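Enquirer: Assemble chain Z onto chain A, guided by the hints.
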Amino acid sequence: MASKKINNVYIKDVVSLAGPVEKNGSIKDYDFVIDDYYYHCKTFEQAEVKMQKTVIDHLLERHRLVHSDIDYLISGDLSNQIAVSSYTASNYTIPFMGVYSACASFIESLIVGSEMMEGKRKSNVLCVTSSHNCGAEKQFRFPIEYGAPKPNTTTFTATGAVAVLLTKEEARIRLESYTVGCVCDMGCKDASHMGAVMAPAAAKTLVTHLLEMNRSIDEYDLILTGDLGAVGAKIFEEYLKRNYNLKMKNYMDCGCELYLKSQEETYAGASGPVTLPLFLFNKVLKQKRYKKILCIGTGSLHNLFFVNQKLAIPSIAHAISLEVRS
Amino acid sequence: MNKDEYQKLVKEFTPKEKKLKNAVIAFLVGGSIGFIGQVVVAILTTSFSMEVKDAYVWLCISMIFISSLLTALGFFDNWVSTCKAGLFLPTTGFAHSVTSAALDYRKDGFITGLGANFFKLAGSVLLYGMLGGFFFGILGVIFHG
Numbered sequence: 000m001a002s003k004k005i006n007n008v009y010i011k012d013v014v015s016l017a018g019p020v021e022k023n024g025s026i027k028d029y030d031f032v033i034d035d036y037y038y039h040c041k042t043f044e045q046a047e048v049k050m051q052k053t054v055i056d057h058l059l060e061r062h063r064l065v066h067s068d069i070d071y072l073i074s075g076d077l078s079n080q081i082a083v084s085s086y087t088a089s090n091y092t093i094p095f096m097g098v099y100s101a102c103a104s105f106i107e108s109l110i111v112g113s114e115m116m117e118g119k120r121k122s123n124v125l126c127v128t129s130s131h132n133c134g135a136e137k138q139f140r141f142p143i144e145y146g147a148p149k150p151n152t153t154t155f156t157a158t159g160a161v162a163v164l165l166t167k168e169e170a171r172i173r174l175e176s177y178t179v180g181c182v183c184d185m186g187c188k189d190a191s192h193m194g195a196v197m198a199p200a201a202a203k204t205l206v207t208h209l210l211e212m213n214r215s216i217d218e219y220d221l222i223l224t225g226d227l228g229a230v231g232a233k234i235f236e237e238y239l240k241r242n243y244n245l246k247m248k249n250y251m252d253c254g255c256e257l258y259l260k261s262q263e264e265t266y267a268g269a270s271g272p273v274t275l276p277l278f279l280f281n282k283v284l285k286q287k288r289y290k291k292i293l294c295i296g297t298g299s300l301h302n303l304f305f306v307n308q309k310l311a312i313p314s315i316a317h318a319i320s321l322e323v324r325s
Numbered sequence: 000m001n002k003d004e005y006q007k008l009v010k011e012f013t014p015k016e017k018k019l020k021n022a023v024i025a026f027l028v029g030g031s032i033g034f035i036g037q038v039v040v041a042i043l044t045t046s047f048s049m050e051v052k053d054a055y056v057w058l059c060i061s062m063i064f065i066s067s068l069l070t071a072l073g074f075f076d077n078w079v080s081t082c083k084a085g086l087f088l089p090t091t092g093f094a095h096s097v098t099s100a101a102l103d104y105r106k107d108g109f110i111t112g113l114g115a116n117f118f119k120l121a122g123s124v125l126l127y128g129m130l131g132g133f134f135f136g137i138l139g140v141i142f143h144g
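For the protein sequence lines, the chains are A and Z, in the order given.
For the first sequence, numbering that gives the first Met the number 0 assigns the number 0 to the initial residue and increments by one for each residue that follows.
For the second sequence, numbering that gives the first Met the number 0 assigns the number 0 to the initial residue and increments by one for each residue that follows.
I should point out that these hints are in silico values taken from the structure, not numbers from a laboratory.
Just so it is clear, the structure is predicted and the values come from calculations on it, not from any experiment.
C-beta: ideal position from N, C-alpha, C; glycine also.
Errors might be hidden in some of the hints.
[To be verified] Here are the simulated distance ranges between beta carbons: (1) Z/N77 <-> A/K27: 17 to 27 Å; (2) A/E263 <-> Z/E11: 22 to 32 Å; (3) A/K240 <-> Z/L72: 41 to 51 Å; (4) A/D34 <-> Z/I60: 33 to 43 Å.
[As the list claims (entries may be wrong)] With a Cα cut of at most 25 Å, we get these calculated SDA-like pairs of lysine to any residue: (5) A/K149 <-> Z/P89; (6) Z/K106 <-> A/Y36; (7) Z/K17 <-> A/P148; (8) A/K240 <-> A/Y250; (9) A/K167 <-> A/R61; (10) Z/K106 <-> Z/N77; (11) A/K260 <-> Z/F12; (12) A/K188 <-> Z/N21; (13) Z/K2 <-> A/H301; (14) A/K149 <-> Z/N116; (15) A/K291 <-> A/L209; (16) Z/K18 <-> A/S261; (17) Z/K119 <-> Z/F109; (18) A/K240 <-> A/I216; (19) A/K260 <-> A/S25; (20) A/K149 <-> Z/L19; (21) Z/K10 <-> A/P150; (22) A/K240 <-> A/E211; (23) A/K27 <-> A/M251; (24) A/K49 <-> A/Y37; (25) A/K149 <-> Z/L120; (26) Z/K10 <-> A/V182; (27) Z/K2 <-> A/M247; (28) A/K240 <-> Z/F12; (29) Z/K106 <-> A/V20; (30) Z/K2 <-> A/F305; (31) Z/K10 <-> A/D184; (32) A/K22 <-> A/V32; (33) Z/K18 <-> A/P150; (34) Z/K7 <-> A/E236; (35) A/K22 <-> Z/N77; (36) A/K260 <-> A/D35; (37) Z/K119 <-> A/Q138; (38) Z/K119 <-> A/S191.
If we strip away everything but chain A, and leave its shape as in the complex, we get (with noise of 0.2 Å):
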């Protein structure tokens, strides 16, 4: 069985941290907001970590938590050896397990952390993740003021840091209960077109969990993938129609969410493990419409050797549905 019940636990608060094209997108109101991706740091990978740190210190702050109140750290983010969310973590001393799903690491956290909770009576897990536009297009694509250019399909990266505090206590968000992927391989072998690569194994994932959790597509409010672009969406319903016969009523991609249809350098919308939970946390949860929602995080898994030897690209789709006390 790849789903399972989650036994009491809840989302007591978020802290999100957006970039500079982020700010200019469909959400106005993030904690806080960076007008500069050095983030007066001196590089775009110091500059996450101090994102990271922020979105963190935030959070304990806010509820004034000290580092033992914090039985775990479960982060993950897009650089090479997740090297990110381990720098951060080092400036803490609570216990860190570092996860990574490339643009589903936000989901893997949350389960790895609810997993973790299982069985004790009080307990506060945080769930950290972030990417930065910049960092990742050094690291997986081009120099970043070489201005390479893209197809429609390409995804742009976003910049933020989103941080999450679970707990025992009863709060509005309950993690009801998750599903996690098996990896997917459909023989794409085009990086600049993740959506395509990412579609299936999102559309697995969910037919996985309806058919484990005994469930019928119409009981969610609200099905949300992470960053699949306004091409790959497409794709993800048409799959699912076509091979699972599976009409989507109440669907929505936060890639294609994000950013407004004027920002025309996003192309295909958001990508990053940030996006998801921007999104999620930002819009969705504030508009206090959904009750149900289940949440698929969707991450490619390549890296820059692999897609040079033209091997066709891995992807995988975790799960976790999320209910909503008004």
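Expert: Chain Z only, in chain A's frame:
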């Protein structure tokens, strides 16, 4: 659905690139750069009584300088995104590729960062340019003596 069927589905939904529009823009921009170059050479040879050979060297140096400067000032990447091959194929693109890589890695150490990554993009141009020169040089010797 197997892999082939899925690839067909992907193809069906992937928007087509505007190849003709891109080609026309690249042709016009690249052509304009060539035109400007020719005008500069003409001015240098007539008004400054420079030899044609020297004029081309001066032109090349100034093109490289201007594009590198514009890269460093942060304009050039936006222009490349719009003009595409019209800007990154001429000498301007070569200089731009070197400068942009240098900018990325300037804080990662002079040897391990800047030095090692300076020719990240331009390295291929250099290597295959030199190999091509070598190959055609030999052909030239064989056929023309």
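Enquirer: Next, verify each hint and record whether it holds.
Expert: Status of each hint after checking the structure:
Separated by about 25 Å at the C-beta atoms, Z/N77 and A/K27 satisfy the suggested range of 17 to 27 Å. Checked against the hint of 22 to 32 Å, the pair A/E263 and Z/E11 passes, with Cβ atoms roughly 24 Å apart. Separation of A/K240 from Z/L72 is about 49 Å and conforms to the stated range, judged on CB atoms against 41 to 51 Å. Taking 33 to 43 Å as the suggested C-beta distance range, the pair A/D34 and Z/I60 conforms, at roughly 37 Å.
The hinted pair formed by A/K149 and Z/P89 meets the criterion: a straight-line CA distance of about 19 Å does not exceed 25 Å. Proposed proximity of Z/K106 and A/Y36 is supported: the alpha carbons are some 15 Å apart, at most 25 Å. At most 25 Å may separate the alpha-carbon atoms for a hinted pair to count; Z/K17 and A/P148 meet this at roughly 12 Å. At roughly 13 Å between alpha-carbon atoms, A/K240 and A/Y250 fall within 25 Å of each other, so this suggested pair holds.
For the proposed pair A/K167 and A/R61, the alpha carbon gap of about 18 Å is at most 25 Å, so the pair holds. For the hint linking Z/K106 to Z/N77, the alpha-carbon distance of about 23 Å falls within 25 Å, and the restraint holds. At roughly 19 Å between alpha-carbon atoms, A/K260 and Z/F12 fall within 25 Å of each other, so this suggested pair holds. Pair hint A/K188 plus Z/N21 holds up; C-alpha atoms about 24 Å apart against a cutoff of 25 Å.
Between Z/K2 and A/H301, the direct Cα distance comes to roughly 18 Å. Compliance with the 25 Å bound is thereby established for this hinted pair. Between A/K149 and Z/N116 the CA atoms are separated by roughly 22 Å; this keeps the pair inside 25 Å, and the hint holds. For the proposed pair A/K291 and A/L209, the alpha carbon gap of about 13 Å is at most 25 Å, so the pair holds. The hinted pair formed by Z/K18 and A/S261 meets the criterion: a straight-line CA distance of about 22 Å does not exceed 25 Å.
Pair hint Z/K119 plus Z/F109 holds up; C-alpha atoms about 15 Å apart against a cutoff of 25 Å. The hinted pair formed by A/K240 and A/I216 meets the criterion: a straight-line CA distance of about 13 Å does not exceed 25 Å. Only pairs whose Cα atoms come within 25 Å are accepted, and A/K260 paired with A/S25 is accepted, the gap being roughly 9 Å. With a C-alpha separation of about 16 Å, the suggested pair A/K149 and Z/L19 falls inside the 25 Å cut-off, and the hint holds.
Proposed proximity of Z/K10 and A/P150 is supported: the alpha carbons are some 14 Å apart, at most 25 Å. A C-alpha spacing of about 19 Å is found between A/K240 and A/E211, which places the hinted pair at or below 25 Å, so the restraint holds. Simply put, A/K27 and A/M251 have alpha-carbon atoms about 19 Å apart, close enough for the 25 Å limit, and the pair holds. Between A/K49 and A/Y37 the alpha-carbon distance is near 10 Å, which keeps this suggested pair within the 25 Å criterion.
At most 25 Å may separate the alpha-carbon atoms for a hinted pair to count; A/K149 and Z/L120 meet this at roughly 16 Å. Between the alpha carbons of Z/K10 and A/V182 the distance comes to roughly 22 Å, so the proposed pair stays at or under 25 Å and holds. Using a Cα cut-off of 25 Å, the hinted pair Z/K2 and A/M247 holds, with the two alpha carbons roughly 23 Å apart. For the suggested pair A/K240 and Z/F12, the alpha carbons sit about 14 Å apart, so the restraint of at most 25 Å is met.
Between Z/K106 and A/V20 the alpha-carbon distance is near 24 Å, which keeps this suggested pair within the 25 Å criterion. Between the alpha carbons of Z/K2 and A/F305 the distance comes to roughly 19 Å, so the proposed pair stays at or under 25 Å and holds. Distance check on the hinted pair: Z/K10 and A/D184 sit about 17 Å apart at the alpha-carbon level, within 25 Å; holds. A threshold of 25 Å between alpha carbons decides the hint, and for A/K22 with A/V32 the separation of about 7 Å falls inside it, so the pair holds.
For a cut-off of 25 Å, the pair hint linking Z/K18 to A/P150 stands: about 11 Å separates their Cα positions. With a CA separation close to 15 Å, the supplied pair Z/K7 and A/E236 stays within the 25 Å bound. Pair hint A/K22 plus Z/N77 holds up; C-alpha atoms about 20 Å apart against a cutoff of 25 Å. Restraint check: the Cα-Cα separation between A/K260 and A/D35 comes to about 22 Å, which is no more than 25 Å; the hinted pair holds.
Proximity of Z/K119 to A/Q138 is assessed by CA-CA distance (about 12 Å); at most 25 Å being required, the pair is judged to hold. Under the criterion of a C-alpha separation no larger than 25 Å, the hint pairing Z/K119 with A/S191 is consistent with the structure, at around 19 Å.
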